[in-house]
Amino acid sequence: MKITREEIEYIGHLSRLELSPEEVEMYTLQVGRILEYMEKLKTLNTEGVVSTSHAMPIKATIRDDGVSPSFTIEESLSNAPDRFGAFFRVPPIIEVDE
Amino acid sequence: MDRLLQMNIEELGDLLRKREVSSLELTHFYLDRIKKYDNTLHTYIKVTEEEALKMAKSADERLSKGEEGKLLGIPIGLKDILCTVGIETTCASKILKGFIPPYDATVVNLLKKEGFVLLGKLNMDEFAMGSSTENSAFMVTKNPWDIERIPGGSSGGSASATAAALCVASLGTDTGGSIRQPAGFCGTVGMKPTYGRVSRYGLIAFASSLDQIGPITRTVYDCAAMMNVISGYDPFDSTSIPVKAPDYTEVLGRDIKGMRIGIPKEYFIEGIEPDVRESVMKGVTLLERQGASVIEISLPHSEYAVATYYIVCTAEASSNLARYDGVKYGLRIDGKDIIDMYKKTRSMGFGKEVKRRIILGTYVLSSGYYDAYYRKAGQVRTLIRGDFEKAFNICDVIVTPVSPTTAFKVGEKIDDPLTMYLSDIFTIPVNLAGLPAMSVPCGFDRNGLPIGLQIIGKALDEETMIKTAYVLESELKLKKIPEEFL
Numbered sequence: 001m002k003i004t005r006e007e008i009e010y011i012g013h014l015s016r017l018e019l020s021p022e023e024v025e026m027y028t029l030q031v032g033r034i035l036e037y038m039e040k041l042k043t044l045n046t047e048g049v050v051s052t053s054h055a056m057p058i059k060a061t062i063r064d065d066g067v068s069p070s071f072t073i074e075e076s077l078s079n080a081p082d083r084f085g086a087f088f089r090v091p092p093i094i095e096v097d098e
Numbered sequence: 001m002d003r004l005l006q007m008n009i010e011e012l013g014d015l016l017r018k019r020e021v022s023s024l025e026l027t028h029f030y031l032d033r034i035k036k037y038d039n040t041l042h043t044y045i046k047v048t049e050e051e052a053l054k055m056a057k058s059a060d061e062r063l064s065k066g067e068e069g070k071l072l073g074i075p076i077g078l079k080d081i082l083c084t085v086g087i088e089t090t091c092a093s094k095i096l097k098g099f100i101p102p103y104d105a106t107v108v109n110l111l112k113k114e115g116f117v118l119l120g121k122l123n124m125d126e127f128a129m130g131s132s133t134e135n136s137a138f139m140v141t142k143n144p145w146d147i148e149r150i151p152g153g154s155s156g157g158s159a160s161a162t163a164a165a166l167c168v169a170s171l172g173t174d175t176g177g178s179i180r181q182p183a184g185f186c187g188t189v190g191m192k193p194t195y196g197r198v199s200r201y202g203l204i205a206f207a208s209s210l211d212q213i214g215p216i217t218r219t220v221y222d223c224a225a226m227m228n229v230i231s232g233y234d235p236f237d238s239t240s241i242p243v244k245a246p247d248y249t250e251v252l253g254r255d256i257k258g259m260r261i262g263i264p265k266e267y268f269i270e271g272i273e274p275d276v277r278e279s280v281m282k283g284v285t286l287l288e289r290q291g292a293s294v295i296e297i298s299l300p301h302s303e304y305a306v307a308t309y310y311i312v313c314t315a316e317a318s319s320n321l322a323r324y325d326g327v328k329y330g331l332r333i334d335g336k337d338i339i340d341m342y343k344k345t346r347s348m349g350f351g352k353e354v355k356r357r358i359i360l361g362t363y364v365l366s367s368g369y370y371d372a373y374y375r376k377a378g379q380v381r382t383l384i385r386g387d388f389e390k391a392f393n394i395c396d397v398i399v400t401p402v403s404p405t406t407a408f409k410v411g412e413k414i415d416d417p418l419t420m421y422l423s424d425i426f427t428i429p430v431n432l433a434g435l436p437a438m439s440v441p442c443g444f445d446r447n448g449l450p451i452g453l454q455i456i457g458k459a460l461d462e463e464t465m466i467k468t469a470y471v472l473e474s475e476l477k478l479k480k481i482p483e484e485f486l
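Chains A and B, in that order, give the protein sequences.
Counted the way our numbering counts, the first sequence spans residues 1 to 98.
Counted the way our numbering counts, the second sequence spans residues 1 to 486.
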């Protein structure tokens with residue numbers, strides 16, 4: 001098998017996904033099969049081949065450093081699940097001892 | 001009114017300008033068709049009736065003043081992956097349910113400038129991940145040629161709605177075949193433009209180095225007309241190509257004498273349905289009769305394309321979809337701390353296939369595996385691009401089937417992801433190489449299901465493809481709308 005249950009659980013954690021035991025089971029099997037299929041790339045000699053990350057060789061474009069309109073605070077926050085004034089509100093990130 | 005169904009955008013435009021029909025009448029005609037047929041087909045996630053009528057009225061005002069607009073008063077549907085200001089955009093995912101974009105995608109802006117009428121947002125595989133539209137969180141779209149079958153995917157809503165004339169034309173997106181495969185399965189014309197030809201600004205990202213927006217239409221003329229509106233440089237997309245797009249309708253009707261058509265020997269392999277092979281080869285013969293010459297070519301790295309693609313696209317997806325964390329927009333499920341909130345939100349919000357791809361993408365990028373997968377895939381991608389470069393030294397376009405089969409049954413492949421992935425074997429290499437490609441109908445199989453012929457062009461040479469597709473369409477004169485929907 002290309003991937004173990006433990007690895008799927010760990011990757012789930014890295015991906016910030018909570019997987020049920022059934023999901024772990026299913027993905028271990030399916031991802032394993034897909035990775036096995038990907039093994040065929042190993043049969044190809046790619047020594048010295050430059051990697052492509054973008055299909056079209058375009059130079060990074062740099063715009064003029066000018067002022068232009070952007071979203072207002074209200075627009076930016078319009079879909080916020082929770083807000084406080086002009087901020088997105090989230091659960092505490094740093095615990096403070098009281 | 002039924003004669004309207006057979007008209008292309010140019011003919012409808014004439015009718016509208018002569019005031020023989022108003023945009024409001026045309027829009028009502030399409031809204032009525034949606035009411036009549038969409039209970040069967042399930043193509044629209046959201047019908048924007050109110051917005052449509054408002055846009056139609058405004059188009060009629062502009063028409064009465066004699067104003068011009070390439071799509072003035074024409075009712076069109078959009079894949080629900082394109083941001084529309086003030087209108088819910090879900091990507092067919094629970095995680096974006098209720099998301100109201102504060103801005104329009106560049107393509108939507110361009111359509112608005114030309115006076116289009118928005119009929120609604122079309123169904124798709126969640127985050128464009130899939131080949132059957134069965135991965136939508138909301139509903140399964142059916143193929144109008146046989147409602148027991150899938151329309152293809154991920155732009156299945158766009159293809160099905162266009163084929164059944166529940167819109168004049170539509171836009172889809174294509175990352176590994178998501179315009180061409182459903183266009184082929186539904187007997188419509190689909191175009192994936194050169195990477196960078198059409199701005200991706202406001203297209204909800206799946207795999208940024210592969211995604212492109214393009215039209216799905218009933219005719220080649222409409223494809224060219226839609227391309228004229230959406231193509232061109234956009235400073236809001238850093239990968240947009242800074243060249244002026246031509247008038248794509250100009251090449252329609254030009255001959256193809258002396259054109260060299262490459263047929264890749266690797267694409268006519270085992271597993272391809274005999275009816276598909278026969279129909280595509282008949283199309284090639286027809287083009288030959290019109291003065292083109294046929295050359296056998298080789299794309300030796302084709303067999304590695306699917307593996308390469310599923311490394312590249314899942315890696316990019318795992319990164320792109322990290323933004324869905326319950327903080328800025330979309331679903332939030334509270335947890336005991338912030339990590340728990342992320343996990344609960346993402347686990348509830350994403351469907352099976354999206355999770356599968358995030359897991360795969362995170363794995364191939366994870367420490368210790370990066371070189372074996374992602375780096376290797378990038379190198380093979382270079383080899384695949386090289387195959388096409390070599391081939392285009394000796395031919396002008398490449399012709400292949402769009403898919404090895406015609407539309408499959410609902411449920412047939414949904415539990416077997418690898419088999420589903422392999423259904424895009426002929427469309428995927430094109431995205432890896434960034435090339436333009438089209439799907440154009442070339443016949444029907446023994447069950448009456450449409451067969452698509454793929455035309456692949458050189459980078460930025462959509463015109464030669466359009467010209468070729470138009471010759472094929474004019475010669476074949478195939479039925480465009482299934483009987484049941486006339």
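A hint or two may mislead.
Claimed, not checked - 25 Å max Cα-Cα, derived DSS-like pairs, lysine-lysine: (1) A/Lys2 with B/Lys458; (2) B/Lys244 with A/Lys42; (3) B/Lys328 with B/Lys352; (4) B/Lys265 with A/Lys40; (5) B/Lys328 with A/Lys59; (6) A/Lys59 with B/Lys244; (7) A/Lys2 with B/Lys244; (8) B/Lys328 with A/Lys40; (9) B/Lys458 with A/Lys59; (10) A/Lys40 with B/Lys413.
What the hints assert, rightly or not - Simulated DEER-style distance windows between Cβ atoms: (11) B/Asp247 with A/Pro57: 19 to 29 Å; (12) A/Arg63 with B/Glu88: 44 to 54 Å; (13) B/Ala322 with A/Val50: 42 to 52 Å; (14) B/Gly411 with A/Ser51: 54 to 64 Å; (15) B/Thr419 with A/Asp82: 57 to 67 Å; (16) A/Pro57 with B/Thr419: 32 to 42 Å; (17) B/Lys282 with A/Tyr37: 30 to 40 Å; (18) A/Glu39 with B/Glu148: 17 to 27 Å; (19) B/Phe268 with A/Val24: 35 to 45 Å; (20) B/Ser238 with A/Tyr37: 31 to 41 Å; (21) A/Glu36 with B/Lys57: 37 to 47 Å; (22) A/Val24 with B/Pro246: 32 to 42 Å; (23) A/Ser51 with B/Leu486: 46 to 56 Å; (24) B/Thr419 with A/Pro92: 44 to 54 Å.
Keep in mind the hints are simulated off the structure, nothing from the lab.
Glycine included, each C-beta is placed from N, C-alpha and C at the ideal position.
Tell me if the beta carbons of serine 51 of chain A and leucine 486 of chain B are separated by a distance inside 46 to 56 Å. holds, 51 Å
Keeping to a limit of 25 Å between CA atoms, is the pair of lysine 328 of chain B and lysine 59 of chain A held or broken? Cα-Cα ~31 Å, so violated.
Measuring from beta carbon to beta carbon, are arginine 63 of chain A and glutamate 88 of chain B in 44 to 54 Å? violated, 31 Å
For the pair we were handed, lysine 244 of chain B and lysine 42 of chain A, check the Cα-Cα distance against 25 Å. Violated, at about 41 Å.
Do valine 24 of chain A and proline 246 of chain B keep their Cβ atoms within the hinted range of 32 to 42 Å? Once the Cβ atoms are compared, 53 Å apart, the range 32 to 42 Å for proline 246 of chain B and valine 24 of chain A is violated.
Given the hint of 44 to 54 Å, check if threonine 419 of chain B and proline 92 of chain A actually sit that far apart at their C-beta atoms. holds, 46 Å
Is the gap between the beta carbons of glutamate 36 of chain A and lysine 57 of chain B within 37 to 47 Å? Violated, since glutamate 36 of chain A and lysine 57 of chain B (Cβ atoms, about 58 Å apart) do not stay within the stated range.
Restraint status (C-alpha distance of lysine 265 of chain B to lysine 40 of chain A at most 25 Å): holds, 20 Å
Given the hint of 19 to 29 Å, is the C-beta distance from aspartate 247 of chain B to proline 57 of chain A inside that range or not? holds, 26 Å
Does lysine 40 of chain A sit within 25 Å of lysine 328 of chain B, going by the straight-line distance between their CA atoms? At roughly 41 Å apart (the allowed maximum being 25 Å), lysine 40 of chain A and lysine 328 of chain B break the hint.
Please check whether lysine 282 of chain B and tyrosine 37 of chain A have a Cβ separation lying inside 30 to 40 Å. At 33 Å between Cβs, range holds.
Straight-line alpha-carbon gap lysine 59 of chain A to lysine 244 of chain B, limit 25 Å: holds, 17 Å
Violated hints for the displayed structure, listed by number in ascending order: 1, 2, 5, 7, 8, 12, 13, 14, 15, 18, 21 and 22.
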